[in-house]
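**Q** Spelled out from the first residue to the last, the chains are:
Number of protein chains: 2
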Amino acid sequence: MTNPNDPSLTSWIETGADSDFPVQNLPFGIFKTQSSSPRIGVAIGDQVLDLAIMNKLGFFDKIKIDNSVFTNQYLNDFIALGKQTTSGVRDRISQLLQSDNPELRDNKEAQAKVLHYQSNVQMLMPVKVGDYTDFYSSIDHATNVGTMFRDPDNALLPNWKHLPVGYHGRASSITISGTSFHRPKGQTKPNEAEPPVYGPCRLLDFELETAFIIGKETQLGDSISTANADEHIFGMVLFNDWSARDIQTWEYVPLGPFLAKNFASTISPWVVTLEALEPFRTAGYKQEPKVLPYLEYSGDKNIDISLDVLIQPENTEETLVSHSNYKFMYWTMEQQLAHHTVNGCNMNIGDMLASGTISGPRPDSFGSMLEITWRGTKPVKMKDGSERKFINDNDTVIMRGYCRKDGVRIGFGECKAKVLPAK
Amino acid sequence: MTNPNDPSLTSWIETGADSDFPVQNLPFGIFKTQSSSPRIGVAIGDQVLDLAIMNKLGFFDKIKIDNSVFTNQYLNDFIALGKQTTSGVRDRISQLLQSDNPELRDNKEAQAKVLHYQSNVQMLMPVKVGDYTDFYSSIDHATNVGTMFRDPDNALLPNWKHLPVGYHGRASSITISGTSFHRPKGQTKPNEAEPPVYGPCRLLDFELETAFIIGKETQLGDSISTANADEHIFGMVLFNDWSARDIQTWEYVPLGPFLAKNFASTISPWVVTLEALEPFRTAGYKQEPKVLPYLEYSGDKNIDISLDVLIQPENTEETLVSHSNYKFMYWTMEQQLAHHTVNGCNMNIGDMLASGTISGPRPDSFGSMLEITWRGTKPVKMKDGSERKFINDNDTVIMRGYCRKDGVRIGFGECKAKVLPAK
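So the protein sequences, as listed, match chains A and B.
No gaps in the numbering here: position 101 of the first sequence is 154 in our numbering, and each next residue is one more.
No gaps in the numbering here: position 384 of the second sequence is 437 in our numbering, and each next residue is one more.
Bound conformation, chain A alone (with noise of 0.2 Å):
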């Protein structure tokens, strides 16, 4: 058996330099064309693999899944088979698409009921979330809002280094990509001896993220440690948190953000498992002061994912307006998950624990406009001559994220919205 990630892999299948679906990813989604159901499907190159027919048609028989878990509206029962069955489905994709195996290749029969191309297919949200958790882990994300809103000196507070804050959000208005939303109408208060008033947000903003979904339940009471937390982590998908600035200020406090959040988040709709990231792994931050026990970890577990957030006004060319990377992560995703079962907090296949803003540590790589414009006094020029402080209607926000590496890239698809004007 060769490794799916092995860097001299090619498939027969033509994926071009710049695709995010090489043989090396094999990212797991759920699609629907306009004569199927939703089901299962790979993506490779430019195509997407039916893994509900190929499995009819005998491809996996040496693995014995019964074909509802592949003819289902969410990978949570597939997810839920453990990450033996999962790998070894994707390993037997991975040989099947390889040049020099014939089974598929010459099978043209075969290909032409099990491949799509994806810009003939639907894509799904692919879990259904239970429940669904932000943190807020990027030290320049915290050290930015920190420095705008509180004190310059003492930009973090006291907690943000002795644990990974989070805080819970909403899982039912998380949408796939595509999905447009109307600006969201709430209270504000925009002038401080004024009462409060009632509009739409004004002060609308994404935050770059990315989130993880567990791939292995646990018991209520239970804790997940450091070393075992990879077992629980099934993939990673590209995350936009969604939020109006000016209804967070005013509602915040002190129970945190709420409908200044869960108007609305949107995923990217390929989960990229965490055996296609492994290669991308990294050291992280030296953390100063030290955790305790329970935070410790060994090993390289931050990843190198370079990160790309671009504004398209309404039919105009998009703007880069951010450059960052989930390397610039403070604390790691195996820390996020021991931090929230320490207390015996149980965990779901399917449920979503996002980042928080991953911002870097130049303005260039902050992950919101919030920073990037810093509160709006440095608007930013989109291609058309437009300017940016926050996010006007009509614009598209697309987050796109891949690891590239010994000559593979690999990469999520994009994460991308449209905002309606306000209903």
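Accuracy of the hints is not assured; some may be wrong.
Pairs count within a copy or across copies, as identical chains cannot be separated in the list.
To be verified - Subject to a maximum C-alpha distance of 30 Å in a straight line, what follows is the list of computed DSBU-like cross-link-like pairs (lysine-lysine):
#1 Lys476 x Lys136
#2 Lys434 x Lys109
#3 Lys339 x Lys242
#4 Lys136 x Lys181
#5 Lys181 x Lys269
#6 Lys339 x Lys117
#7 Lys214 x Lys476
#8 Lys354 x Lys476
#9 Lys181 x Lys166
#10 Lys434 x Lys136
#11 Lys269 x Lys471
#12 Lys115 x Lys269
The set of hints was computed from the structure by calculation and includes no laboratory data.
Assemble the complex: chain A is given as a structure, and chain B must be docked to it using the hints.
**A** Only chain B this time, still in chain A's reference frame:
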């Protein structure tokens, strides 16, 4: 058709003056017996009526509901039938249980199949909770907390009287009454000058709350008005929002409570329908300053629900520590729901929205140990002679709730859980 809330109704099943479940209540829940799978039941006196068998025997023939709705581990599919149908089922059950109706009364064979003593069945989670939100809507509670931790002269934060402050909580750790849990462990900072420490929570508290369950979904972008809110509320349960005060103090800035809450919440098993609660509506607080138009409402929207909290140390009798009332709420459920959706946040059937701690104006009506013992400065005496500042290992906390008017008493049953020592 008689009004099922009519105080003059009696049942051929003996219910007793102090029963929570007279024929005027008829709450829905999920139960199983030693020999049966989970199914929907309705409480009557000290018995439970098996709706799956009732339907099979033809007692609901005019309503026509597929039996899979009743032989279900959650109420969600039943609730999704809509209020016209679920109220129709309640009306029909009321009819069948009324003293003068012979259909079931005189059919001993059917009775043997459809009635179980509650003491012989196991109650299960009534709904699959998608998202759980907790509000902070009791003015006495917010004032007490603000007085203790901030400024007695400005106890309420500036936003408190303008909007029902709320935050997202963890759905996965909501458990059914009777589920014990281990004292949570976590990070606290007992000494201001020292680094944080890891260990069992020392200040474990209950919070006396109720929660309402969403009965009609909305799509992303939709808002619910206060006038339409009741259409979207299926019913209510008692809710113990267990809280680790020392964990909360250290973690909650700036994004709100997280591990201090998500280790366990406990609910009562019977969902009392909004229809059954209607006779007990009462006037709410006069809201000054005037709220924004989207939060205005008309009519009596508070509900007179007596609420008791008792602590039972191991192997001894219960001690009443609080006698509060849901009528003390400043913000109504209708306002909470209008606020929650003003930004287009979508609601799903089974979503749970809790009140926040319900404290009354007097110390004996405070809804948490934090308030009752005023941060531990005024311990309360148990009947066995011991004292409590917070909740000890092996203590059981019991909440009970009931409405009483015109000789009718309808109740919620118990919300009860025991705290086991830290693992």
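**Q** Does each hint hold? Answer for all of them.
**A** Going down the list of hints, with the structure as the test:
1. When the C-alpha separation of lysine 476 and lysine 136 is checked against a cutoff of 30 Å, the pair qualifies only between copies, where the shortest distance is 28 Å, while the shortest distance within a copy is 44 Å.
2. For a Cα distance limit of 30 Å, the shortest separation of lysine 434 from lysine 109 qualifies neither inside one copy, at 52 Å, nor across copies, at 68 Å.
3. In this homomeric assembly, lysine 339 and lysine 242 come within 30 Å of each other (Cα to Cα) only across copies, at 23 Å, whereas the closest approach inside a single copy is 40 Å.
4. Proximity of lysine 136 to lysine 181 under the C-alpha cut-off of 30 Å is found in both arrangements, the shortest distances being 18 Å within a copy and 26 Å between copies.
5. When the C-alpha separation of lysine 181 and lysine 269 is checked against a cutoff of 30 Å, the pair qualifies both within a copy, at 14 Å, and between copies, at 19 Å.
6. Neither within a single protomer nor between protomers do lysine 339 and lysine 117 lie at most 30 Å apart by alpha-carbon distance, with minima of 45 Å and 65 Å respectively.
7. In the homo-oligomer, the alpha carbons of lysine 214 and lysine 476 lie at most 30 Å apart only across protomers (26 Å), although the nearest pairing inside one protomer, at 41 Å, exceeds that limit.
8. Taking the shortest alpha-carbon separations for lysine 354 and lysine 476, only the inter-copy value of 28 Å comes in at or below 30 Å, while the best intra-copy value is 44 Å.
9. With identical chains, the CA atoms of lysine 181 and lysine 166 are at most 30 Å apart within one copy only, with a shortest distance of 27 Å there and 37 Å across copies.
10. For a Cα distance limit of 30 Å, the shortest separation of lysine 434 from lysine 136 qualifies neither inside one copy, at 46 Å, nor across copies, at 53 Å.
11. With identical chains, the CA atoms of lysine 269 and lysine 471 are at most 30 Å apart between copies only, with a shortest distance of 28 Å across copies and 33 Å within one.
12. Taking identical chains as interchangeable, the C-alpha atoms of lysine 115 and lysine 269 lie at most 30 Å apart only when both belong to the same chain, with a minimum of 23 Å there against 45 Å between chains.
In this structure, the earlier hints numbered 2, 6, 10 are contradicted, and the remaining ones agree with it.
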